[in-house]
Amino acid sequence: MSNSVPLTLHVPEPGCRPGDTPDFSGFEVPVAGETRRPDPLTAPEDIRDLAFSIVRVLDDDGEAKGPWAGTFEKEALLDGLRHMMTLRTFDDRMLRAQRQGKTSFYMQHLGEEAVACAFRLALRDGDMHFPTYRQAGLLIAGGYPLTTMMNQIYSNAADPIKGRQMPIFYSAKDHGFFSLSGNLGTQFVQAVGWGMASAISGDTKIAAAWIGDGSTAETDFHSAMVFASTYKAPVILNIVNNQWAISTFQGIARGNATTFAARGHGFGIPAIRVDGNDYLAVHAVARWAAERARSGHGSTLIEHVTYRSGGHSTSDDPSAYRAKEEGHSWPLGDPIERLKAHLISIDAWSDDRHKQAEAEIQDEVRFAQKEAEANGTLISGPAPSPRDMFEDVYAEMPPHLRAQRQEAGF
Amino acid sequence: MAQLTMIEAIQNAHDLAMERDDRVVVYGEDVGYFGGVFRCTAGLQQKYGTSRCFDAPINESGLIGTGIGMAAYGLRPVVEIQFADYMYPAYDQIVSEAARLRHRSAGDFTCPMVIRMPTGGGIYGGQTHSQSPEALFTHVAGLKVVVPSNPQDAKGLLCAAIEDPDPVIILEPKRLYNGPFDGHHDRPVVPWKKHELGEVDDAYYTTEIGKAAIRREGQDVTVLAYGTMVHVALTAAEETEVDAEIIDLRSLIPLDLEMIEASVKKTGRCVVLHEATKTSGFGAELSAQVQEACFYHLEAPIIRVTGWDTPYPHAQEWDYFPGPARVGAALKSVMKED
Ligand SMILES: Cc1ncc(C[n+]2csc(CCOP(=O)(O)OP(=O)(O)O)c2C)c(N)n1
Ligand SMILES: [Mg+2]
Chain A
37 MSNSVPLTLH VPEPGCRPGD TPDFSGFEVP VAGETRRPDP LTAPEDIRDL
87 AFSIVRVLDD DGEAKGPWAG TFEKEALLDG LRHMMTLRTF DDRMLRAQRQ
137 GKTSFYMQHL GEEAVACAFR LALRDGDMHF PTYRQAGLLI AGGYPLTTMM
187 NQIYSNAADP IKGRQMPIFY SAKDHGFFSL SGNLGTQFVQ AVGWGMASAI
237 SGDTKIAAAW IGDGSTAETD FHSAMVFAST YKAPVILNIV NNQWAISTFQ
287 GIARGNATTF AARGHGFGIP AIRVDGNDYL AVHAVARWAA ERARSGHGST
337 LIEHVTYRSG GHSTSDDPSA YRAKEEGHSW PLGDPIERLK AHLISIDAWS
387 DDRHKQAEAE IQDEVRFAQK EAEANGTLIS GPAPSPRDMF EDVYAEMPPH
437 LRAQRQEAGF
Chain B
459 MAQLTMIEAI QNAHDLAMER DDRVVVYGED VGYFGGVFRC TAGLQQKYGT
509 SRCFDAPINE SGLIGTGIGM AAYGLRPVVE IQFADYMYPA YDQIVSEAAR
559 LRHRSAGDFT CPMVIRMPTG GGIYGGQTHS QSPEALFTHV AGLKVVVPSN
609 PQDAKGLLCA AIEDPDPVII LEPKRLYNGP FDGHHDRPVV PWKKHELGEV
659 DDAYYTTEIG KAAIRREGQD VTVLAYGTMV HVALTAAEET EVDAEIIDLR
709 SLIPLDLEMI EASVKKTGRC VVLHEATKTS GFGAELSAQV QEACFYHLEA
759 PIIRVTGWDT PYPHAQEWDY FPGPARVGAA LKSVMKED
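Chains as they are written, first to last, in our numbering: chain A, 37 to 446; chain B, 459 to 796.
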């Protein structure tokens, strides 16, 4: 008897497209506080369960629960809230500036603010992040000037990278922020090299690699995993799973694996999932992973589970490929609202103070914008010199390039 | 006849090719449900199903590697790389595998696949959304490389590429998707809907790969261009009133040397244009070929007008782009008697 049947191609489909009713009932959300917190130095094979759970600290009432709670003083939490609110306001202003034609492009963080903002505070000055374009929270939480960020976005005369890169492709070595590339995945493996360099040099610094769910499909992601595993590199490997890669849902990159975190297991790298909309949980998990890295126990893969509430970029209209209501049904809520509720529940905050803070932040961001615009925007005012285009191609300009610059008249 | 944008013409070519040949499969990043970030594959998944048009993981090496497997099996894969700037992870698969499969197996296995990629600048895309990597492909034996400059050719060349027994790379100048941009970034672009070359035959047709087209006849200087630079050249000729003969190469490999030679022998002068960086660019190849074939007919040195040898900048885009002023100056300079 023959058992050959005509084969068909399996192409994963998201649960919901425009016109459908979003349904996250299949998405398991563990109760806050229930996921265990093993000693950071536990062997990878003894903590495989962490790749299938989700570390959560804040419950629906804003209470901090369980073994991952308590990494923060009240004061620091107020800073955390302010960082996230600043990032959201900053995004709002810059989206508007882009619509007004003052720059060419922008990418926002709506709904994902907790991830980079909380993570940054778990690392030290001197550590290096290899971010994607959706981690401006690292800069804001690290105290990088808003005006300088905007100078870059406007490609103006004060842009530290001289108008060479598209908006938001910042570079800030002094702030532990590696120069951003537009090519997905390439930097994930470079972070591993940075960590290896720290080990080779006998330093105490660690690195953090960042990648989106969609980009984990890139070969460089797997290259990073191999090297991190082989050399036990002191690097934290972050996957930000915001459910979408432009129009492509996360199932296309994940295939039949149950979670992105589980990718770590094949490499013997401990892996853990965290509620990316829970500021406290992200910070606690980042600290745990940093302790492993600093103590010579090597890499940790963290999957931050979150949701991209806005469009992919200013060139994108998500209503063409996902249900409009999907964001509202997202079960992990809004990171700012959740931290705010927590702070209110511990009497550290109030609705009034929140409103006041919103107004202050509006002023601060508006002031920064004014300052930046005095240095020019992409379409008006002072601009980087065309001469700059020829600089830094090499340390020393070779004769052929010098000739071209002359020909260009700059 | 319909008036189509270049995007619509490309979409239409996919559609007709898929309709007449069920071996044609189309995939890439965001290509399936959404129909591509530039919408060149819009509606194909809805019409032909998910096994013939689908979204792929973000892995360019995987895109081309699987395409080679499918092509060798007997399918006709048409793969989109979202931006030419993102093809580098796939370069090994393209150069070491797709290009050589026929030769190394003495025809036992072949690779009839099409790789499409939006290319070129002019959209404030900075260094990762603006590159023109054609020379990285023309330098590789076994690859055909085409660059359409208008909707008519975009459709015909894509259909021809799908029929072609070998791997064909189509570089689609994304600045031309909606209209014949001529480098005057401060003026509105005429939409293809109002342009002669936006008139596209409804039926399936092919445009022969390897044949150039004369876009403007002239007596004094031959301009070799492709993609966006064809339109820049037309404007520069008009503005300088130099009687240039403008050849739209359409296909870089194979190259229509016959047409080039006849034209240069007639005009005695040659200017070569591309957006890509200058050193080791395809212009160097063109310049060498013209010199070899026409040396005794030349009355002036061959000049190249190209992008500078720097990464493609964001803010200084229009200082980088070889626009009509620079092309015009080159036309005038080859015409100078001394
Ligand atoms: C090598 C490469 N391929 C394709 C792209 C185009 N691209 C830019 S962002 C993006 C989606 C990335 O999704 P994900 O990794 O999930 O990150 P997110 O945008 O959700 O933060 C794609 C396909 C690119 N920038 N680089
Ligand atoms: Mg994503």
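Take these hints with a grain of salt, some might be off.
[To be verified] A few chain A residues that face chain B, going by a derived Cβ cut-off under 8 Å, partial list only:
no., residue
1, 45
2, 47
3, 131
4, 191
5, 202
6, 204
7, 218
8, 220
9, 282
10, 288
11, 356
12, 422
13, 426
14, 430
15, 436
Source of the hints: derived by calculation from the structure; they are not laboratory data. The beta carbon of each residue, even a glycine, is placed where N, CA and C say it ideally should be.
Broken hints, by number: Hint check: 3, 6, 14 fail, others pass.
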